[in-house]
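Trainee: Assemble chains B, C and D onto chain A, guided by the hints.
Line by line, the protein sequences are chains A, B, C and D.
Those letters in the first sequence? Residues 1 to 361, per the numbering used here, in order.
Those letters in the second sequence? Residues 1 to 361, per the numbering used here, in order.
Those letters in the third sequence? Residues 1 to 361, per the numbering used here, in order.
Those letters in the fourth sequence? Residues 1 to 361, per the numbering used here, in order.
What the hints contain is simulated information worked out from the structure, not anything from laboratory work.
Fair warning: there could be bad hints in the mix.
The list treats identical chains as interchangeable, and a pair is accepted whether it falls inside one copy or across any two copies.
Stated by the list, open to error - Listed below are the simulated DSS-like cross-link pairs for lysine-lysine, each with C-alpha atoms no more than 25 Å apart in a straight line:
1. 310 x 174
2. 86 x 279
3. 46 x 279
4. 259 x 46
5. 167 x 279
6. 62 x 190
7. 279 x 62
8. 174 x 144
9. 129 x 144
10. 167 x 259
11. 46 x 174
12. 129 x 190
13. 97 x 190
4 protein chains.
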Amino acid sequence: MTRANTQARVSIVGGSGYTGGETLRLLLDHPQVEVTRVTSESNAGKFVHSVHPNLRRRTALKFESMEGLKSCDLLFLCLPHGEAMKRIEHFASLAPKLIDLSADFRLRQAADYDQWYGHSHAHPQWLGKFVYGIPELHREEIKKSNYVTGAGCLATAAILSLYPLFKAGAVNHKRVFIEAKVGSSAAGNKASLASHHPERSGSVRSFEPTGHRHTAEMIQELSLAGPAPQIYFSATAIEAVRGILSTSHVFVNPDLEEKEIWKIYRGCYEAEPFIRIVKERSGVYRYPEPKLLIGSNYCDMGFELEDSGKCPPDESGRRLVVMAAIDNLMKGAAGNAVQAMNLMLGFDETTGLGFPGLHPV
Amino acid sequence: MTRANTQARVSIVGGSGYTGGETLRLLLDHPQVEVTRVTSESNAGKFVHSVHPNLRRRTALKFESMEGLKSCDLLFLCLPHGEAMKRIEHFASLAPKLIDLSADFRLRQAADYDQWYGHSHAHPQWLGKFVYGIPELHREEIKKSNYVTGAGCLATAAILSLYPLFKAGAVNHKRVFIEAKVGSSAAGNKASLASHHPERSGSVRSFEPTGHRHTAEMIQELSLAGPAPQIYFSATAIEAVRGILSTSHVFVNPDLEEKEIWKIYRGCYEAEPFIRIVKERSGVYRYPEPKLLIGSNYCDMGFELEDSGKCPPDESGRRLVVMAAIDNLMKGAAGNAVQAMNLMLGFDETTGLGFPGLHPV
Amino acid sequence: MTRANTQARVSIVGGSGYTGGETLRLLLDHPQVEVTRVTSESNAGKFVHSVHPNLRRRTALKFESMEGLKSCDLLFLCLPHGEAMKRIEHFASLAPKLIDLSADFRLRQAADYDQWYGHSHAHPQWLGKFVYGIPELHREEIKKSNYVTGAGCLATAAILSLYPLFKAGAVNHKRVFIEAKVGSSAAGNKASLASHHPERSGSVRSFEPTGHRHTAEMIQELSLAGPAPQIYFSATAIEAVRGILSTSHVFVNPDLEEKEIWKIYRGCYEAEPFIRIVKERSGVYRYPEPKLLIGSNYCDMGFELEDSGKCPPDESGRRLVVMAAIDNLMKGAAGNAVQAMNLMLGFDETTGLGFPGLHPV
Amino acid sequence: MTRANTQARVSIVGGSGYTGGETLRLLLDHPQVEVTRVTSESNAGKFVHSVHPNLRRRTALKFESMEGLKSCDLLFLCLPHGEAMKRIEHFASLAPKLIDLSADFRLRQAADYDQWYGHSHAHPQWLGKFVYGIPELHREEIKKSNYVTGAGCLATAAILSLYPLFKAGAVNHKRVFIEAKVGSSAAGNKASLASHHPERSGSVRSFEPTGHRHTAEMIQELSLAGPAPQIYFSATAIEAVRGILSTSHVFVNPDLEEKEIWKIYRGCYEAEPFIRIVKERSGVYRYPEPKLLIGSNYCDMGFELEDSGKCPPDESGRRLVVMAAIDNLMKGAAGNAVQAMNLMLGFDETTGLGFPGLHPV
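Isolated chain A (complex conformation):
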């Protein structure tokens, strides 16, 4: 593999989890990045491929303890929620640029951590330094920032697919119902009875009918003008390892025609390399389908307007159903983070993110 001239030295803190492993996979094939260190306290000394077997023969790296971290150009923080906020000043002393994949710096208001996470933020003064790292919403800020936070995987699918409507002021009343279906890898790599295969296999499990923490991010990012939206979110775990399908119900002006909605989405995302509008009249895959995105950084989205004949608009307007699919470990975590890194380091935004997804799969 040829290496371009511009080369960055990058390390990963917390590389034994699923987002850390996926970040590592992407960086190992990134032509402008050299992965210098990958940490894991419990696996220090072991080859990274002993934990991430897909990386056999792809790297001779071993996990190291966090104590052995050396300075580098950019540090990915892939620790469990609550860990990065405690050591943020130490990490900032090691690298001029940080990308945090946990929830620790996603919310701008410290009070939101008390409210949604049930604990106070350890370093609230750092919240303002981080940019919410969805490039489609904050590209220019990400380019200029040294500190970028990843987004929640469920939040990413919902926000990306609703953002054009909110931006265009097309949503009446700002009440949104969002139902997300999500695979098991989104819950991380800690084994428990709930994730034990005979219990988890084939399940359709409401794990957060209300109160899911990612709701806070959706409210924050969709509060574009006027009052904050009212987000009614529920999440259901389904039989899948990777993948999210987010189904949102919003209300639009009954006069709004389908072609105008197309225009809103195209206007917002036409130039986006990782957004595809999926809406076919025929065929098997008429709407976004997460399985097609396994390993890919795409967010596919589509929509359908309620037939007013069958279901007349009510006082809120006419229902528009918006669907969005992502791979939770890619556009929902590591892929999106590498996309942000490319922006922060001045690389082509799509470098290392070319895998298109598979069919059939």
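Mentor: Frame of chain A; chains B, C and D shown alone:
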């Protein structure tokens, strides 16, 4: 197996499909029923176990053509939608009691067939003769009726879990959002590219974001007082063969406490043999889970009230999320139909429906 | 549910695992059994349905500590391997009849425990008191015995399907290759990284290419005459929760015709209530398929003779491939144990085991 | 994406199937290839992404009829078995180099088509012109040849993992038992009742206990010296879309030690870019696992020697179990074909085949 004295002679029309096969499975083990004939035009002459291999050594019945039907005590009609309505007078001449599992007699208004099914009803005068066959809502009518229609599988889960709230007048504004997750057997036994395993496996597919026909049944059955409810329904096909999880979002008075909701559900369903309220504070299965119901006639339901701290009630009230799980071929079709048959023939309502479901599965 | 006059009081030791839970499910619906106690040290005081959610509203039993056990008519021992052998005398003091579902009393030779299990047997003098509890092989001994051991799930499928051939002396050279495909529930209910859903889902995992402990049972039970067979066994974990498909390759006399093999199988199993020979010329289910047996006590088996034109017989003879399918928790554990119990207590052998399995599923 | 100087114009005949689609996916990202045409008779005029939805926004190509084919540098033939042989002279007139992914040119002896495929070969004189396209066995011939045939997916896994042993003369008696587990995509994209999701999902289905056509390729390629091996092959369809695990049982000299087997495999494959020997003492993934290879061109293989203590060597020697995993559409079809193309066109052998596979998945 001992046979009780009261014995009914029952036939199945359209026995090669999934609902016909499941009805046959239940009837073969029903101590008060003798299955006299099972029809299938395309499989006439073959053993029923050649199509339903789980019935090997359970019966020596062969499929017959519809023409060979003889009179019997009760006829199950398990034909594709649109077929039973054409021949309803012929079927009624063969048996004093009919149970139709298609959609042909579910809606009371003939105009609803034009609206939701896109064709006129062949015998609209028969619509008023049929009782909508969910025993939990219409037990006494079913007992007295000769003509009972099954309910749509998605409609069954939604209606059963929302009925107590509507009956108690606890729903504000009558706007309901319902998102159903459903397995592949609900689409029947006709092979197509969309159902081809490499395409269908692992999918999370919005097949009816709006306009699903079962919506008409939900509106009909939940129009208990005052204006008809506004039902915003979407259905998503997931990786499962059997099973439905219906997630509904309704709005209740913000003062309504959880214990009062419990009271509403208990008051409505305490004596119901096939309804279980599932709401645990801990454990893996805190809410209804359809995989536990495979082969069983239960409808499990649960609910969760929005935390007003995180999401303050809006002008519609406070969100209540209601979940319901069924096996689409059992409580959503054949099991419910046998339960109705038991009522129509004066048998114990639970006869032949004792299978509890499996764990793990 | 009506109760017959003959009623047995039965308890389950170790009722929180998968085999204990399945035994409990069967016994709760058994018309001649009363379940008096179910023990679990870690769950003592909790409702059994908190661990086995399929039993909600089916029983008000709570787990108790082993210390609280009282005398009863028959005791099911569903403890992890190695536990029952330590306390066998205590258990025998509590009930005149014992059925052990662990591996502790399956092998007749104490030395086999050193060889295959890597530890000495705690009470080798008890090995001779137990009957190997596959009714199809040892029905009369089971009827007369007070101590019966269950069989290994993988061993059950292999032994049942090969027994007719060995009994008839139809196997040349006694070399057998057996490859078993097995679902995740066979590994029990202890969560680990290997069973964590994102790791275990979709896997095709050789977990015991050689040296599987169940091999010892196969050798023991198939040593019918002459030298012990040479069993080359491998096991592969596949994507399934329940189910085993065992594929065996044996060599028979090249002159043996298919109809004679049919005769051998029919002669052996024609009267068996839970054995079905599955061998169809057409259709989807031409051979045994474990998914059709989920929840059922059947063992389905089939066979195919090598086409001598394509693959000429060698010095060992002509290859015969024998396939057998079971539900590992039913015929491979709890179902078979209840069948044995019925024999030990003089009940009809099939009582409580009537569930036929589902289609589709 | 930068394009290298050497650029080849390549077309795909039969691009709507699974191997055609996968070939197209790889070629679209191949920096030295331009895909000029993709044919499909039934989809002519449609965008290729209407059939292969993973290619949305990756190409504006449309399917064309075979009649519209123009001359190009290399032609991939991805037609159903039996089609390429009829038109081979026409295809050879269109391009100087052909790679056929069907079975039509895999066997060297015309009589083998009568024997294993049940029909005569249309152009037997072409059989000798084709090289069997597994680069690990025939790299130098492939480089020099204009006509290369792909290998059967099941044959590829078996042959690659047994070749080192046969080449080293390490197999006693040349009797091999091979049991392959395979996903649904290997059967192609034609929908049928057998592939209908409710029937195929969760199945463990012996579809070819004996007589599988790929056996002929195994015999051909493993006949390295002395008598042809006796191959006892069986194939079982399991719950997966992509993936093959091949489990082979061979007999080796009882004195052969594990480290010598390692040496045999390393000696054969150390320099191979797509072969990995997988054999870990601990961890979840101790042996090859096909799900890790989804989308990748690796063949992972491992082995385990029978413990002579538990199972003494017999007259054939000591059992060695060899496992091999591939993605049937990659190393088993399209990936292997692109690897062969790279060799034929003088490109770096690994170009366009860099995807490592995913974890978790």
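Trainee: Could you place residue 97 and residue 190 in one of the four classes (within, between, both, neither) given a Cα distance threshold of 25 Å?
Mentor: For residue 97 and residue 190, the Cα distance exceeds 25 Å both inside one copy (29 Å) and across copies (42 Å).
Trainee: Are the CA atoms of residue 310 and residue 174 at most 25 Å apart within a copy, between copies, both, or neither?
Mentor: both (23 Å within a copy, 17 Å between copies)
Trainee: When no copy is specified for residue 46 and residue 279, does a C-alpha distance of 25 Å or less occur within a copy, between copies, both, or neither?
Mentor: between (46 Å within a copy, 16 Å between copies)
Trainee: Could you figure out if residue 129 and residue 144 sit no more than 25 Å apart (CA to CA) within one copy, between two copies, both or neither?
Mentor: within (11 Å within a copy, 60 Å between copies)
Trainee: Can you tell me if residue 259 and residue 46 fall within 25 Å by alpha carbon in one copy, between copies, both or neither?
Mentor: Answer is between: at 23 Å across copies they meet the 25 Å cutoff, but 55 Å inside does not.
Trainee: How would you label the pair residue 46, residue 174 (within, between, both, or neither) given a Cα cut-off of 25 Å?
Mentor: So residue 46 and residue 174 fail the 25 Å test inside a copy (50 Å) and across (40 Å) alike.
Trainee: Indicate which option fits the pair residue 86, residue 279 if close means a Cα-Cα distance not exceeding 25 Å: within, between, both or neither.
Mentor: neither (45 Å within a copy, 36 Å between copies)
Trainee: Could you figure out if residue 279 and residue 62 sit no more than 25 Å apart (CA to CA) within one copy, between two copies, both or neither?
Mentor: Answer is between; shortest inter-copy Cα gap is 18 Å, intra-copy 45 Å.
Trainee: From the Cα coordinates, with 25 Å as the cut-off, is the pair residue 167 and residue 279 best called within, between, both, or neither?
Mentor: Within one copy only: 21 Å inside a chain, 39 Å across chains, cut-off 25 Å.
Trainee: I want to check one pair: residue 129 and residue 190. Are their C-alpha atoms no more than 25 Å apart within a copy, between two copies, both, or neither?
Mentor: This pair counts as neither: shortest intra-copy Cα distance 31 Å, inter-copy 44 Å.
Trainee: Could you place residue 167 and residue 259 in one of the four classes (within, between, both, neither) given a Cα distance threshold of 25 Å?
Mentor: within (17 Å within a copy, 41 Å between copies)
Trainee: When no copy is named, should residue 174 and residue 144 be tagged within, between, both, or neither for a Cα gap of at most 25 Å?
Mentor: Result: close neither inside a copy nor across copies, 31 Å intra and 49 Å inter.
Consistency note: the structure conflicts with the earlier hints numbered 2, 8, 11, 12, 13.
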